[in-house]
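S.K.: Letter by letter, the chains look like this.
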Amino acid sequence: MRPAPPTAHAFSAALLDASLPPPAGLQAWNGSDPALRFAVYRNNVVHSLVAVLADTFPVVQQLVGGEFFGAMAQLYVVHHPPTSPLMHRYGAGLPAWIADFEPATALPYLSDVARLEWARLCAFHAADAEPIALPAIAALIQAPERLTRAALVLHPSLAVVRSAHPIVSLWAAHQLGDAERDARLPAVAMDRAEAALVFRDAADDALVIELPDADAALAAAIATGAPLGAAQAAHPQADLVRVLSLLLQHGLVAGLAEPSCAPETAA
Amino acid sequence: MSASPPSLLAGVGLKMAHVSALLARGAGTFLGGAGFVEVHAENHMVEGGPMLRQLERVREQGPLSIHGVGLSIGGEGPLDADHLDRLDRLLRRFEPRWFSEHLAWSSHGGRWFNDLLPLPYDPATLNRVCDHIDQVQERLRRPLLLENPSTYLGYAGSTMDEAGFLAAIVRRTGCGLLLDVNNAYVSGVNHGRDPWALIDTLIGAVPAGTVGEIHLAGFAEDRDAAGDRLLIDHHGAAVDAAVWSLYERTIARLGPVPTLIERDNHLPAFAVLEAEAQRALDLQRAASGRRTGCPVPA
Chain Y
1 MRPAPPTAHA FSAALLDASL PPPAGLQAWN GSDPALRFAV YRNNVVHSLV AVLADTFPVV
61 QQLVGGEFFG AMAQLYVVHH PPTSPLMHRY GAGLPAWIAD FEPATALPYL SDVARLEWAR
121 LCAFHAADAE PIALPAIAAL IQAPERLTRA ALVLHPSLAV VRSAHPIVSL WAAHQLGDAE
181 RDARLPAVAM DRAEAALVFR DAADDALVIE LPDADAALAA AIATGAPLGA AQAAHPQADL
241 VRVLSLLLQH GLVAGLAEPS CAPETAA
Chain V
1 MSASPPSLLA GVGLKMAHVS ALLARGAGTF LGGAGFVEVH AENHMVEGGP MLRQLERVRE
61 QGPLSIHGVG LSIGGEGPLD ADHLDRLDRL LRRFEPRWFS EHLAWSSHGG RWFNDLLPLP
121 YDPATLNRVC DHIDQVQERL RRPLLLENPS TYLGYAGSTM DEAGFLAAIV RRTGCGLLLD
181 VNNAYVSGVN HGRDPWALID TLIGAVPAGT VGEIHLAGFA EDRDAAGDRL LIDHHGAAVD
241 AAVWSLYERT IARLGPVPTL IERDNHLPAF AVLEAEAQRA LDLQRAASGR RTGCPVPA
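As they're listed, the protein sequences go chains Y and V.
The first sequence: position 231 = 231 (our numbering), numbered continuously.
The second sequence: position 86 = 86 (our numbering), numbered continuously.
Hint data in this document are derived by calculation from the structure and do not stem from the laboratory.
Fair warning: this is a prediction, and the values are worked out from it, not measured in the lab.
Just so you know, even glycine gets a beta-carbon here, dropped at the ideal spot from N, CA and C.
It is possible that part of the hints are untrue.
Unchecked claim - Listed below are several chain Y residues computed to face chain V (Cβ distance under 10 Å; list not exhaustive):
| # | residue |
| --- | --- |
| 1 | Leu15 |
| 2 | Leu16 |
| 3 | Ala18 |
| 4 | Ser19 |
| 5 | Leu20 |
| 6 | Pro22 |
| 7 | Pro34 |
| 8 | Arg37 |
| 9 | Ser84 |
| 10 | Leu86 |
| 11 | Pro131 |
| 12 | Glu210 |
| 13 | Thr224 |
| 14 | Pro227 |
To be verified - Examples of chain V residues toward chain Y, derived with CB under 7 Å:
| # | residue |
| --- | --- |
| 15 | His40 |
| 16 | Pro50 |
| 17 | Asp194 |
| 18 | Ala220 |
| 19 | Glu221 |
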């Protein structure tokens with residue numbers, strides 16, 4: 001009787017765990033050890049997924065160097081393989097995982113830089129939305145009581161990333177050529193907290209725009225659908241006019257949601 | 001009266017880095033109007049943004065082929081219904097001329113391995129693969145072209161050869177074939193078999209017209225534990241001379257078949273891939289002339 005082929009369970013366990021031998025039931029035509037041939041699949045899986053992460057997190061890779069990144073990403077891959085065939089969705093969990101990754105604790109900003117890069121990838125593939133017509137906004141601005149109660153529908157690509165570290169300066173330095181980057185990096189104030197709006201612009205670039213942390217917190221509240229008055233009240237340090245200007249300037253207001261009547265009472 | 005479509009077609013697997021080079025040419029001028037483009041389905045399963053907008057423009061250039069890598073048709077478990085829904089939306093939006101997937105598995109137990117893994121060729125696997133292809137063709141309401149794999153290992157439990165397995169799938173499901181000549185060569189060498197025997201047997205065992213598309217690509221070369229050649233299908237090099245000659249034999253037997261140059265790694269300039277596609281077009285023209293005895297107009 002021919003041996004039963006290995007189950008997909010046994011095959012896939014050995015793909016991700018290099019300490020396991022290849023499953024039984026595999027063979028090479030010339031009778032040679034199938035382990036070396038199985039290693040081709042193992043390498044394809046791990047290296048292709050590490051390459052996906054390297055594409056998504058290029059600045060993280062530059063900050064730690066290719067060798068460290070490769071080892072770190074490989075650990076992530078084998079412990080958190082993708083659950084979907086859509087590779088642009090792989091790596092969502094990497095920023096949080098980096099925060100707990102012991103060997104990277106010397107770089108406390110690394111996890112937040114990864115969050116920034118993940119937000120850029122999401123912005124790139126997010127749904128399209130037309131900016132709201134200017135007359136609608138102009139009418140709202142001329143009626144302060146309406147403005148206070150209105151909530152905004154922001155562009156689906158928009159994300160707010162806030163950090164206790166200078167993530168925007170670090171990210172921006174790595175968009176430069178090597179010489180310029182090396183000149184810029186020593187000037188980055190490492191104790192500076194930074195925040196950014198990340199979104200896709202009309203030219204399909206995923207932009208990173210720095211703004212004060214209080215403004216970023218306000219933008220995040222607006223993004224969750226809070227009425228503008230309530231959002232401002234919750235973030236008194238923020239400048240609502242500056243945030244609205246920024247959102248309008250980049251075409252990030254896609255709609256208005258105004259309550260149809262006076263403030264709701266409990267039903 | 002509209003012009004009849006060109007009977008010969010060759011194309012390039014389109015990468016993001018080459019989109020602007022292609023679009024700069026103007027509609028219908030790629031490979032003198034005989035060019036087509038193939039994209040990976042999963043790269044365009046996004047909510048919005050440039051991947052979809054660019055594909056709208058690319059499909060105005062000529063025929064489009066959508067090549068899936070995400071269905072895991074050979075998987076032990078059921079097909080991913082969400083993924084089928086996504087494919088359905090993409091195919092209905094872009095209405096490609098061809099849709100293809102692989103004889104392989106890529107996921108198990110909710111984990112995705114991002115590689116095309118090998119299957120045992122036995123009756124149980126045949127039943128499962130045919131069930132899955134029936135479901136795919138029913139859900140997507142169009143024929144699937146199934147691609148023969150590159151494999152590095154055999155299963156001791158296999159009871160059928162690859163040509164017999166593929167031919168049985170075609171007979172039972174009515175699907176077509178995407179004949180990857182590079183994969184046939186790679187698998188032939190990796191399993192100590194004559195690569196032509198797979199192609200020759202397969203073509204002989206399926207109805208005329210089953211092969212809807214041909215793939216050509218480059219491989220990397222390694223050695224196995226016995227020191228024998230082990231070829232890796234890495235899509236990172238020019239098409240090998242041995243694969244070109246296997247391709248010539250294939251189209252001498254089949255006649256012209258739309259032929260695609262695949263390149264996913266170490267991307268050269270678009271013009272380099274276009275020149276390989278032009279060679280495939282020239283070889284089809286020559287083969288077609290020999291078959292009919294008449295020169296085929298350029």
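S.K.: Minimum Cβ distance from serine 84(Y) to chain V below 10 Å?
M.R.: For serine 84(Y), the interface hint holds, since the closest Cβ of chain V sits about 6 Å away, which is under 10 Å.
S.K.: Let me know if the C-beta of aspartate 194(V) comes in closer than 7 Å to any C-beta of chain Y, holds or violated.
M.R.: It is violated, given that the least Cβ distance between aspartate 194(V) and chain Y is near 12 Å, above 7 Å.
S.K.: For the hint on leucine 15(Y), does the least C-beta distance to chain V fall short of 10 Å?
M.R.: With a closest approach of 6 Å, the leucine 15(Y) hint holds.
S.K.: Is the hint on leucine 86(Y) kept, meaning its closest Cβ partner in chain V is under 10 Å away?
M.R.: 6 Å, holds
S.K.: Should the hint that proline 34(Y) touches chain V count as held when the rule is a Cβ pair under 10 Å?
M.R.: 6 Å, holds
S.K.: When the nearest CB of chain Y is found for glutamate 221(V), is that gap smaller than 7 Å?
M.R.: Status violated, d = 12 Å.
S.K.: With 10 Å as the cut and Cβ atoms as the points, is threonine 224(Y) at the interface with chain V?
M.R.: Result: violated, 19 Å to nearest chain V Cβ.
S.K.: So, proline 227(Y) near chain V? Judge it on the closest CB pair being under 10 Å.
M.R.: 26 Å, violated
S.K.: Please verify that hint: proline 50(V), Cβ, nearest Cβ of chain Y, below 7 Å or not.
M.R.: 4 Å, holds
S.K.: Min Cβ distance, glutamate 210(Y) to chain V: is it shorter than 10 Å?
M.R.: 23 Å, violated
S.K.: How about alanine 18(Y): closest beta carbon in chain V under 10 Å, or not?
M.R.: 14 Å, violated
S.K.: Under the criterion of a CB-CB separation shorter than 10 Å, is leucine 16(Y) in contact with chain V as hinted?
M.R.: At 8 Å from the nearest chain V Cβ, leucine 16(Y) passes the 10 Å test, so the hint holds.
Of the numbered hints stated above, those contradicted by the structure are hints 3, 4, 5, 11, 12, 13, 14, 15, 17, 18, 19, listed in ascending order.
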